[in-house]
Amino acid sequence: MRVTLNGEAHDLREGITVSDLLAELGLVQRRIAVELNRAILPREDYPQRALRDGDVVEIVHFIGGG
Amino acid sequence: MSEADIFELAGKPYRSRLIVGTGKYRDFSQTAAAIEKSGAEIVTVAVRRVNITDPGKENLLDFLDLSRITILPNTAGCYTASEAIRTARLARDAGIGALVKLEVIGDEKTLFPDVPATIEAARVLVEEGFLVLPYVNDDPVTCKRLEDIGCAAVMPLAAPIGSGLGIRNPYNIRIIVEQSRVPVIVDAGVGTASDVTQAMELGCDAVLLNTAIAGAKDPLLMAEAMRLGVEAGRKAFLAGRIPRKLYATASSPLDGVLQ
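Chains B and A, in that order, give the protein sequences.
Here the first sequence is numbered in this note's numbering, starting from 719 and rising by one per residue.
Here the second sequence is numbered in this note's numbering, starting from 3 and rising by one per residue.
Everything labelled a hint here was simulated from the structure, so no lab data went into it.
If you're wondering where the values come from, they're calculated on a predicted model, not measured in any experiment.
All residues carry an ideal CB built from backbone N, CA and C; glycine is no exception.
Be aware that a few hints might be false.
To be verified - So, partial list: chain B residues that the calculated Cβ filter (under 8 Å) puts toward chain A:
hint : residue
1    : LEU745
2    : ASP773
3    : VAL774
4    : VAL778
5    : PHE780
As the list claims (entries may be wrong) - Derived, one-sided and incomplete: chain B residues facing chain A with beta-carbon distance under 7 Å:
hint : residue
6    : ARG720
7    : VAL721
8    : LEU723
9    : ALA727
10   : LEU743
11   : ALA757
12   : ILE758
13   : ILE777
14   : GLY783
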């Protein structure tokens, strides 16, 4: 299954949820936000929402800026 | 001043009138040390994609005491209203509050704001409940429009971002201060402590800067200088300066001069 993650295509296993993905990336404790197909995905949906082929996911965090 | 002189922004009281950015530092510990020295209680951050292949172990926010510091996410790098709105929504969703430094850039070389797009984005974000702090030209009419839309403050630039040129149009800043009912925060372009002092002497409520500290040879020393510069300017403003006169007025009494 191909999913676009932060602009790049990644092969992910079928049925992986957003929570699973964040755990695998080590981002569970981080202050992040997730956009799925251009709409913000509410935090409470992370455990339920399984990614599907063709999904476009953006994961953002805060970095230094002025 | 001291106890009584509180800077209120979006309903929250602050003792410091210096807002600092977190970009361009050597590392996170230097960033944290500079914030500490500056006395700032509000710091800006940018919203960016996580590096998926290497998310990194450390994160900027881990180095900041969030019980004491208010995080002000920016929409830096956005060139359209819709990009800025999207960025602001993501920032709020990350759970650090509804404040946003709205920045819609209109020109790559000067980084001057796209004023119509800034106004358009401000309108949408205010409607959605954001506390919008727009980065804008030193133009009183635009500042008034943004205030009327419902922005929580207006943030006229002193000079182009990162230029260090200081306040290029103090008379416009003065007019903006006189007309505004929301806080006026000079944002961008200051170079050194006397620039922030001047902003405060003009009656601005606060100053926002990043490069002037991060880019100094000794950022921690400059952070302290900026804190003192803001304090000096604020006190001078409250004290009320003497009028400018063309000719001298003797400081020593003339009575009793030896004949």
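Evaluation of the provided hints:
Below 8 Å, beta-carbon pairs count as interface contacts, and B/LEU745 has one with chain A at about 6 Å; its hint therefore holds. Taking 8 Å as the C-beta cut-off, the interface hint given for B/ASP773 is violated, the closest approach to chain A being about 14 Å. At a threshold of 8 Å, the smallest CB-CB gap from B/VAL774 to chain A is about 12 Å, leaving the interface hint violated. A least Cβ separation of about 5 Å between B/VAL778 and chain A falls short of the 8 Å threshold, and the interface hint therefore holds.
With 8 Å as the threshold, the beta carbon of B/PHE780 comes within range of chain A, its nearest partner Cβ sitting at about 4 Å, so the hint holds. Of the supplied interface hints, the one on B/ARG720 is violated, with its beta-carbon coming no nearer than about 14 Å to a beta-carbon of chain A, more than 7 Å. The closest approach between the C-beta of B/VAL721 and any C-beta of chain A is roughly 11 Å, which is over the 7 Å cut-off, so the hint fails. For B/LEU723, the suggested interface contact is upheld, since its CB lies about 5 Å from the closest CB of chain A, less than 7 Å.
Using the Cβ-Cβ criterion of 7 Å, the hint placing B/ALA727 at the interface with chain A is not satisfied: the shortest such distance is roughly 11 Å. Interface restraint check for B/LEU743: the shortest CB-CB distance to chain A comes to about 5 Å, inside 7 Å, so the restraint holds. Proximity of B/ALA757 to chain A is violated relative to the hint, the smallest CB-CB distance being about 9 Å (cut-off 7 Å). Look at B/ILE758: its Cβ gets to within about 5 Å of chain A, closer than 7 Å, so that hint holds up.
Taken as an interface hint, B/ILE777 checks out: its beta carbon lies about 5 Å from the nearest beta carbon of chain A, inside 7 Å. Interface restraint check: B/GLY783 against chain A, minimum CB-CB distance 3 Å, threshold 7 Å, status holds.
Hint compliance for this structure: hints 2, 3, 6, 7, 9, 11 are not met, and every other hint is.
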